[in-house]
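Participant: What follows is each chain in one-letter form.
There are 2 protein chains.
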Amino acid sequence: MADRFEIMQKALIKMLEEKKYTTLRDILVTMNPSDIAGIFTELEDRQIPLLFRLLTKEQAAETFVEMEPEAQELLIRGFSDNELKEILEELYADDAADLIEEMPANVVKRILKQATPELRNSVNQLLRYPENSAGSMMTTEYVTLRPDMTVEESILRIRRQGVDKETIYTCYVTRDRVLIGMVTVKDLLLCADDETVIEDIMLTNLISVSTQTDQEEVARMLSKYNFLALPVVDKENRMVGIVTFDDAMDVMEDEATEDMELMGGILPSEKTYLRSSAFDLFKSRVPWLMLLMVSATFTGLIITAFEGALAAQVALTAFIPMLMGTGGNSGSQSSVTVIRSLSLDELRFGDIGRVLWKELRTALLCGIALAAVCFVKIWLVDRMLMGNEAITLTVDAVVCLTLCVTVVIAKLVGCSLPMIAKVLHLDPAVMASPFISTIVDALSLLVYFLFATLLLGI
Amino acid sequence: MADRFEIMQKALIKMLEEKKYTTLRDILVTMNPSDIAGIFTELEDRQIPLLFRLLTKEQAAETFVEMEPEAQELLIRGFSDNELKEILEELYADDAADLIEEMPANVVKRILKQATPELRNSVNQLLRYPENSAGSMMTTEYVTLRPDMTVEESILRIRRQGVDKETIYTCYVTRDRVLIGMVTVKDLLLCADDETVIEDIMLTNLISVSTQTDQEEVARMLSKYNFLALPVVDKENRMVGIVTFDDAMDVMEDEATEDMELMGGILPSEKTYLRSSAFDLFKSRVPWLMLLMVSATFTGLIITAFEGALAAQVALTAFIPMLMGTGGNSGSQSSVTVIRSLSLDELRFGDIGRVLWKELRTALLCGIALAAVCFVKIWLVDRMLMGNEAITLTVDAVVCLTLCVTVVIAKLVGCSLPMIAKVLHLDPAVMASPFISTIVDALSLLVYFLFATLLLGI
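Read top to bottom, the protein sequences are chains A and B.
Each residue of the first sequence is one higher than the one before, counting from 3 in my numbering.
Each residue of the second sequence is one higher than the one before, counting from 3 in my numbering.
Quick caveat, the hints were computed from the structure, so don't treat them as lab data.
Remember, predicted model here, so these are calculated numbers, not experimental data.
There's no promise every hint is true.
If chains are identical, the list can't say which one is meant, so a pair holds when it fits in one copy or spans any two.
PhoX-like mimics (lysine-lysine), calculated; alpha carbons at most 25 Å apart, straight line [said to hold, decoys possible]:
1) Lys-188 x Lys-167
2) Lys-16 x Lys-424
3) Lys-115 x Lys-87
Same shape as in the complex, but just chain A (with noise of 0.2 Å):
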């Protein structure tokens, strides 16, 4: 599938090349405006214009929408006053608005010049939301109903307003502009009386959200229910606009993208993997490396502190890798399970003394089942197979048993920091593995040397 599509790409960037217009212009015509962009990544710059111009009119701003800021940037720097005039006659308020946020200063002005008041003020509006809430990411297309139309002269209206409408399949219904009910076009085209009033069909339980709502939060709530779309209201439970399910789709994607990196120690970046330069990579990956080594100072003092009980049991050494691994490895399991059921909604922090409960109870099992087994590999292998005299019993004890605790302390931290942040409302992807590794280490070597003072008596 992706192949076929790399090969008919290449396919079309030889045509253009070798200027074979006509025969372009009749493939594309055919192409969804997702695909076309995905061609426009792979031109040269001085292409770009090229190939735009031979889109159809609709075409050519869809096609604008999906496409990298940069070649939306060049696209405008080249376009006249007259093709920037239709390009955005084309565009839904919301995508004019992104498109407002990417560009520099001048091109700003030149498109907020060519824009309608109307996109203008629409935009503006917009614009005036926090970042990642509703009302950025809200658009202010929609069919509005009064609740004494008919049906029939709701979808009359339907059929004249529709054709700049995002979505017309689910319609609201406002009383001076305050929202009281919704209806589908499935609910008005299987009516079977044209006269009904839509205030008697009309849903009334309606589930908004407010223009400040976290788009997480929206994209959450339009999974939930299976909504189309999500009517946004202001504080006065006026309308102002909608968020429809294709741009949460896109909110959770990036949601999932951002965890996923926070959760790897990296800064969440906006640009994709091959569009981010080696310096940009280095920005958002640096500061947490940076952190993490130094705070490992603490685990080389607690070394170093004990480095007399190191050289009298020499043999402990070989152990460490294996124990902070293992506490490693057991913590980020707990953290990625609570931080993705806490961005899922599937737990709340009240939850905390249900989570230590389950998280004590599996760490008990991992953490004797792992101890048994590395008890037996370690008499097995390192004593029997490999000869090494210094592994007596008694460390070979003291390390199980501090593998035991470790991934007991490992998992109870693994799932305990995540619910904090959440409840000092910082992101629980931040408190993921390199961040909880740092502090089982620490406590792992405590334990460690603990028990080999206890039981080796050094």
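We have chain A already, so just place chain B on it with the hints.
Facilitator: Just chain B now, with coordinates in the frame of chain A:
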């Protein structure tokens, strides 16, 4: 928001206990099925049928679909044959198939006995497709039109048939069951002339998936093209079903969760966190921990082999946790970025050259920055502040050279393993941090002792 809902839940449960059924029914009728299903998870077993009987017929079916399998089973066992039949009549074929997959054999038998022959047929057909394929997630209820129908006839057909269809907004045009076009209700409603023939307005550059397409691919396509639904065709291009956006959203969420679980070294599970017992969690977590613990034998062996060197320069031991930690973190940063880009289809195996080159430069930037800071830190903190005379300039150099090389190795291993997994048709997420850390740990120790031998002459 969430808390207000919890308070409401508690109030409703209290009403149920106090047998205030009329009030309860009045409130339930205004609520959304997803939210009602949420209440059932908080009820005791004996209360479940009580509350369920208070729902209207339509609400009952919609709520039933959103409930947990345990509650569904309990309800079915309590249903009379007639009640079961009523619920089944309201279910879409894909929801019925999901239900049957979750229920034990004797319940399935009862369900199939009460289902209409058509439903039984559709369900059987759906159950025959491989798990996680488009065929298994599609629904067979969609609207088809003939190419020679007029717009008016089409709207009439939708009004007659639509009530049983999962979506009416996208209609598919078929000839001899072969998919030849697509038309939206928006197109139909906005078409000025009722006598226009479908063939003239239908879209023919169709994007469809086969019954065998993986559900992740289907979800990605729906999200990429912003479609409400995607047609599913068999090998002869005959239309067999549609996948709707709401199912795609669920798949996206599940796949992101699965990737995160794999990245955290957990075997994915379908159960939510709070529904999993400690033993369930143990089973999904212990395999990776066991594997990684045993493979840490290598790091242990490497340390044992260089025991002499460590005994001679005991200060070296203190830096092992820092080196391994930084290596692990660097590797997981690269693997997380690459795994996510692969799963969003932003990256293909053909890009491996570009990826390696980008990671190499990023790694050098990170490695040099970290080594420089580390060099100064060791000298100022460990030597001057803590007064550790064993740390000479050469020891400091050995540690920082190792640090830089480790970061480079970690990033190259971290980015290439997931890409290799992809080519071998394994899930790239399996090649995440825990796995990579173990490899990087061993390599970084080898580098450490190599530099120590060369520079310190031990």
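Participant: My question is about Lys-188 and Lys-167: at a cut-off of 25 Å on alpha-carbon distance, are they close within one copy, between copies, both, or neither?
Facilitator: This pair counts as both: shortest intra-copy Cα distance 17 Å, inter-copy 10 Å.
Participant: Could you place Lys-115 and Lys-87 in one of the four classes (within, between, both, neither) given a Cα distance threshold of 25 Å?
Facilitator: For Lys-115 and Lys-87, only the intra-copy Cα distance (9 Å) is at most 25 Å; the inter-copy one is 63 Å.
Participant: Is the C-alpha distance from Lys-16 to Lys-424 at most 25 Å within one copy, between copies, in both cases, or in neither?
Facilitator: neither (53 Å within a copy, 29 Å between copies)
Checked against the numbered hints above, the structure breaks only hint 2 and satisfies the rest.
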